[in-house]
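Protein chains: 4
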Amino acid sequence: MDYNKIFAEIYTELEKIPDTGKIASYIPELGNVDPNKFGVHLTTTDNQDYSFGDANEKFSIQSIAKVLALILAYDLEGEKLWDRVGVEPSGTSFNSLVQLESDLGIPRNPFINAGALVISDVLVGHLKNPKTDFINFVRKVANDPTIDYSSRIADSEKSTGYRNAALANFMKSFNNIHNEIDVVLDFYFHMCSIEMTCKELSRTFLFMAKKGVNTHNNEAILSAAKSKRINSIMQLCGFYDEAGEFAFKVGLPGKSGVGGGIIAIYPGKYSIAVWSPKLNKKGNSSRGIKFLEMLTTEV
Amino acid sequence: MDYNKIFAEIYTELEKIPDTGKIASYIPELGNVDPNKFGVHLTTTDNQDYSFGDANEKFSIQSIAKVLALILAYDLEGEKLWDRVGVEPSGTSFNSLVQLESDLGIPRNPFINAGALVISDVLVGHLKNPKTDFINFVRKVANDPTIDYSSRIADSEKSTGYRNAALANFMKSFNNIHNEIDVVLDFYFHMCSIEMTCKELSRTFLFMAKKGVNTHNNEAILSAAKSKRINSIMQLCGFYDEAGEFAFKVGLPGKSGVGGGIIAIYPGKYSIAVWSPKLNKKGNSSRGIKFLEMLTTEV
Amino acid sequence: MDYNKIFAEIYTELEKIPDTGKIASYIPELGNVDPNKFGVHLTTTDNQDYSFGDANEKFSIQSIAKVLALILAYDLEGEKLWDRVGVEPSGTSFNSLVQLESDLGIPRNPFINAGALVISDVLVGHLKNPKTDFINFVRKVANDPTIDYSSRIADSEKSTGYRNAALANFMKSFNNIHNEIDVVLDFYFHMCSIEMTCKELSRTFLFMAKKGVNTHNNEAILSAAKSKRINSIMQLCGFYDEAGEFAFKVGLPGKSGVGGGIIAIYPGKYSIAVWSPKLNKKGNSSRGIKFLEMLTTEV
Amino acid sequence: MDYNKIFAEIYTELEKIPDTGKIASYIPELGNVDPNKFGVHLTTTDNQDYSFGDANEKFSIQSIAKVLALILAYDLEGEKLWDRVGVEPSGTSFNSLVQLESDLGIPRNPFINAGALVISDVLVGHLKNPKTDFINFVRKVANDPTIDYSSRIADSEKSTGYRNAALANFMKSFNNIHNEIDVVLDFYFHMCSIEMTCKELSRTFLFMAKKGVNTHNNEAILSAAKSKRINSIMQLCGFYDEAGEFAFKVGLPGKSGVGGGIIAIYPGKYSIAVWSPKLNKKGNSSRGIKFLEMLTTEV
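Residue numbers (this note's numbering), protein chains in the order written: chain A, 1 to 299; chain B, 1 to 299; chain C, 1 to 299; chain D, 1 to 299.
Check before you lean on any hint, since a few could be wrong.
One copy or two, either will do: identical chains are not told apart, so a pair holds if it fits within one copy or between any two.
[Unchecked claim] Derived pair list, reagent style PhoX-like, types lysine-lysine, alpha-carbon separation capped at 20 Å:
| id | residue 1 | residue 2 |
| --- | --- | --- |
| 1 | K211 | K128 |
| 2 | K158 | K281 |
| 3 | K228 | K269 |
| 4 | K128 | K282 |
| 5 | K249 | K211 |
| 6 | K211 | K226 |
| 7 | K22 | K140 |
| 8 | K58 | K16 |
| 9 | K80 | K249 |
| 10 | K211 | K16 |
| 11 | K281 | K249 |
| 12 | K226 | K249 |
| 13 | K22 | K5 |
| 14 | K131 | K228 |
| 15 | K128 | K249 |
| 16 | K226 | K16 |
| 17 | K128 | K158 |
| 18 | K22 | K80 |
| 19 | K128 | K58 |
| 20 | K282 | K269 |
I should point out that these hints are in silico values taken from the structure, not numbers from a laboratory.
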């Protein structure tokens with residue numbers, strides 16, 4: 001299929017629709033990005049690449065990294081992981097504390113901030129050098145040793161991360177954070193600071209469209225069964241309280257980040273990364289979601 | 001694939017696990033069912049049928065009928081329908097009023113009771129003889145003129161349906177119920193009282209595995225695009241606050257009823273109905289879910 | 001003390017402050033009242049009367065009647081009453097359903113709508129001719145046989161009372177409404193439709209400043225102990241989620257109604273009724289509260 | 001009045017009722033107290049003292065100190081204080097985060113933990129040496145230079161204070177904590193660690209029964225108007241979600257601590273301190289409340 005042509009056609013349509021989204025401003029560094037950036041990269045399971053726009057420009061993947069953290073934590077901890085974090089959609093905002101109180105410190109899923117903090121705690125508990133070991137894992141999956149944290153972004157997050165500190169302290173009061181809070185938060189802020197291009201992102205996640213098998217060396221990053229399960233969690237929880245809307249309109253498992261990036265997986269067919277910094281009211285890339293809706297309606 | 005053999009094997013395994021579920025007791029009529037009933041029926045998209053256990057015994061399909069009501073309402077009302085009901089998982093119990101208050105009378109999705117009441121209101125508004133017209137629609141889809149309401153069940157629901165009356169009145173206070181409350185409730189209680197066998201249920205829902213096309217006459221009950229969307233809603237909202245767990249373990253769109261029935265759809269492959277009356281704490285058939293988990297892990 | 005002079009002085013001050021309140025509009029009949037009406041009547045425990053402004057004009061006392069209903073229900077039911085309704089401030093809006101769900105159908109206090117519906121149910125259960133018997137009780141307390149319901153207001157409430165019907169049905173699902181819902185709602189809507197002047201209101205409630213003793217015949221309407229308790233409930237729950245603000249600024253037990261009336265009690269000294277139809281965001285008479293604040297600061 | 005005799009009589013009655021309360025266990029130091037301790041001390045506005053039981057034994061006054069912190073903060077900050085903390089009953093548990101989220105970081109009142117943390121932040125902002133200056137203020141009010149923090153208790157609180165750290169971080173994310181979180185928490189934990197005997201406590205709070213005037217030197221600690229307002233806040237918010245129950249049964253402004261202490265004020269008559277370590281489910285001294293209920297019913 002000529003995705004390049006389709007991308008261009010959709011983008012032409014997209015430009016006719018005013019983008020009412022707003023760029024993330026909760027940390028200064030994210031607010032400095034050009035709001036009109038737009039990039040797409042699709043990689044098919046037989047390794048064909050299709051690019052459009054600013055697909056080779058680095059951006060902050062933010063919460064998309066939570067999927068990689070989850071995969072590593074699931075591998076290290078096994079099914080015990082689900083005693084500490086659920087797999088249910090939250091029905092509330094990504095950084096809400098309300099449910100955490102009635103659920104006694106067990107986050108609904110690994111993608112809301114509370115859940116990703118528990119995942120961070122699991123990794124901090126298992127890894128010898130958590131930040132180094134995690135970025136090495138990401139590099140291995142991405143087959144790209146240059147992928148890295150942005151210390152600018154990590155520092156910026158840390159300086160305003162009171163709500164995440166609240167979540168971590170709250171869960172520690174329920175004994176669901178086991179390590180030092182400062183260490184867990186430092187890991188979490190770094191994890192969310194990883195930068196990739198659309199092309200790197202799409203290629204990194206291709207294994208999720210291939211039942212867990214890494215394309216460049218045919219090694220299994222996770223089993224087919226676990227791969228299916230992670231896709232299910234992405235489908236149900238990947239877009240906070242817009243997950244249903246995304247499933248309804250796009251129908252693919254995926255994950256968004258407040259940097260404006262989205263990764264989506266068509267199992268057996270392709271992975272696709274889209275980047276457009278303006279966010280809708282639910283905190284997801286407004287144009288990114290629209291693009292994927294039009295793409296999946298068309299093909 | 002020899003599903004008959006697989007069904008028998010799984011059932012043997014299943015019998016070794018104690019069933020801690022409890023039969024629904026909120027209406028007397030449901031409490032009279034033999035809790036040890038167990039039936040399965042699978043219909044492939046090429047019309048092969050596989051049965052096991054009490055697959056030819058009628059039971060109250062309860063909330064499973066909400067999917068058929070949604071399909072008809074979606075067809076009659078079009079995309080305007082989503083102004084009155086969302087497509088997001090609720091994160092709360094099936095009959096909760098909490099979210100309805102903060103969401104100003106718009107139910108999160110069409111499968112929680114509040115949402116199904118809005119769907120009932122839509123149908124009452126569109127249909128000349130709502131109860132007759134709806135059962136005729138079900139009969140047409142099922143290709144079976146004997147499918148019917150159970151007036152026993154409907155009466156039993158009505159006599160204890162104060163919570164549903166609360167939901168309907170509450171939404172009417174937000175102008176999201178347009179017709180007389182008593183008429184809407186009467187329709188709703190009848191809709192939930194339909195009885196089918198596993199075989200009838202599986203065959204009725206086969207079109208959802210075939211992009212909306214009715215097998216027996218090749219007519220489209222709904223478009224491929226709409227069919228995909230309804231499957232998405234089932235996947236995200238079909239099991240109340242256990243939707244994530246079901247997606248995680250089973251991975252198929254589906255819908256449960258408090259009568260102990262479950263319908264699940266494997267798009268392009270098959271529809272399957274399971275019936276086992278004992279419910280887990282979330283109100284879904286405990287053994288039914290376990291059966292589907294084992295089936296989808298195996299094949 | 002020359003209250004007449006004080007009233008006039010305060011009113012002069014009050015007129016200098018813009019009244020940003022809005023007249024209640026949820027039922028048409030209340031919307032028809034002249035928003036600039038203002039009346040005050042104070043009755044001392046030694047039967048001195050002080051009037052100001054529109055103190056002899058009838059208005060809809062609305063929720064203020066809930067205090068009289070509570071007093072009669074407390075008398076008829078005794079301490080068992082508190083098994084069905086609490087005495088705690090709700091911390092939420094007057095017609096909220098949220099807490100009712102977590103509190104399993106037990107309203108926080110007798111003055112939020114849910115609580116007053118339970119009180120209505122208690123009265124319907126005890127009284128032979130509930131509406132007649134209740135108005136006769138009010139007339140006896142008021143020492144005025146002309147006090148009556150407004151059928152206009154009652155009808156208007158009924159035609160838009162879906163939220164109260166929701167509350168009643170919801171509580172019946174928890175077995176905390178024992179009688180027919182329609183009968184309870186009809187009683188409730190009538191109870192809220194009583195009309196009085198400021199003078200009648202002040203005189204009716206004087207017994208609450210006199211340890212329960214009715215001034216005109218020295219009969220005890222309720223015991224001193226019970227009188228103290230009802231005053232406590234008024235102090236903590238009389239102004240919905242503005243109770244703390246009222247206690248902080250005014251410091252007297254009291255009760256407001258959406259008709260713009262307020263009754264307040266200075267135990268041992270006086271009862272006072274104020275009427276000004278424009279309501280603040282919490283649903284209490286904006287100018288009425290300000291007047292009482294200035295009065296209690298002054299004297 | 002012969003309070004000594006009344007105290008003995010009530011205690012005899014009280015001993016006949018089984019005390020189902022449980023000693024606070026959330027910090028080890030509080031769990032070490034003898035659960036059968038019982039002390040009462042009443043001081044009349046004309047400086048008569050009445051003691052009973054363990055009235056001269058030190059205990060941890062815990063949250064009772066929040067009243068003194070509030071008084072000092074109110075004095076230093078003036079009416080601006082109420083922009084940062086409300087005066088409404090919370091309707092929820094003392095350490096709940098739920099309301100804080102919907103109320104955008106403004107605690108409902110100064111006595112729930114969140115509110116007391118804001119008060120601590122205000123004091124840290126105003127005082128040169130916060131901990132020293134505050135204890136000196138308490139000593140001045142108590143007219144007793146030996147009153148002190150317990151570093152054992154403060155350390156014990158700090159080591160398990162994750163929930164309070166969560167609250168402080170959460171409010172800082174809403175800009176309602178202005179100073180360093182660690183400094184604010186350290187102040188808060190010390191403030192809650194003050195130890196007094198019933199006699200000291202009763203005498204310390206006598207000024208609240210005397211319109212703010214300190215008995216031993218006739219200086220005003222706060223104005224009569226402010227004194228009335230603080231009493232109102234105690235009446236509405238002094239016992240968490242049992243405030244209504246306390247007002248209903250006892251009818252006096254008061255404040256409890258999880259150390260089992262209660263201070264109550266009868267304006268114009270007396271202050272009274274009760275100590276009994278076992279707490280009811282709401283976290284208030286079970287026997288202490290019962291004692292005050294019997295006392296205020298009797299006299």
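Results of checking the hints against the structure:
no.: 1; hint: K211 x K128; result: neither (28 Å within a copy, 50 Å between copies)
no.: 2; hint: K158 x K281; result: neither (24 Å within a copy, 38 Å between copies)
no.: 3; hint: K228 x K269; result: both (14 Å within a copy, 17 Å between copies)
no.: 4; hint: K128 x K282; result: neither (36 Å within a copy, 40 Å between copies)
no.: 5; hint: K249 x K211; result: between (24 Å within a copy, 16 Å between copies)
no.: 6; hint: K211 x K226; result: within (8 Å within a copy, 27 Å between copies)
no.: 7; hint: K22 x K140; result: neither (34 Å within a copy, 48 Å between copies)
no.: 8; hint: K58 x K16; result: neither (26 Å within a copy, 54 Å between copies)
no.: 9; hint: K80 x K249; result: between (33 Å within a copy, 15 Å between copies)
no.: 10; hint: K211 x K16; result: neither (37 Å within a copy, 31 Å between copies)
no.: 11; hint: K281 x K249; result: within (17 Å within a copy, 31 Å between copies)
no.: 12; hint: K226 x K249; result: between (25 Å within a copy, 10 Å between copies)
no.: 13; hint: K22 x K5; result: neither (28 Å within a copy, 56 Å between copies)
no.: 14; hint: K131 x K228; result: neither (27 Å within a copy, 41 Å between copies)
no.: 15; hint: K128 x K249; result: neither (42 Å within a copy, 32 Å between copies)
no.: 16; hint: K226 x K16; result: neither (41 Å within a copy, 25 Å between copies)
no.: 17; hint: K128 x K158; result: neither (22 Å within a copy, 29 Å between copies)
no.: 18; hint: K22 x K80; result: neither (39 Å within a copy, 26 Å between copies)
no.: 19; hint: K128 x K58; result: neither (29 Å within a copy, 48 Å between copies)
no.: 20; hint: K282 x K269; result: neither (28 Å within a copy, 35 Å between copies)
Checked against the numbered hints given earlier, the structure breaks hints 1, 2, 4, 7, 8, 10, 13, 14, 15, 16, 17, 18, 19, 20 and satisfies all the rest.
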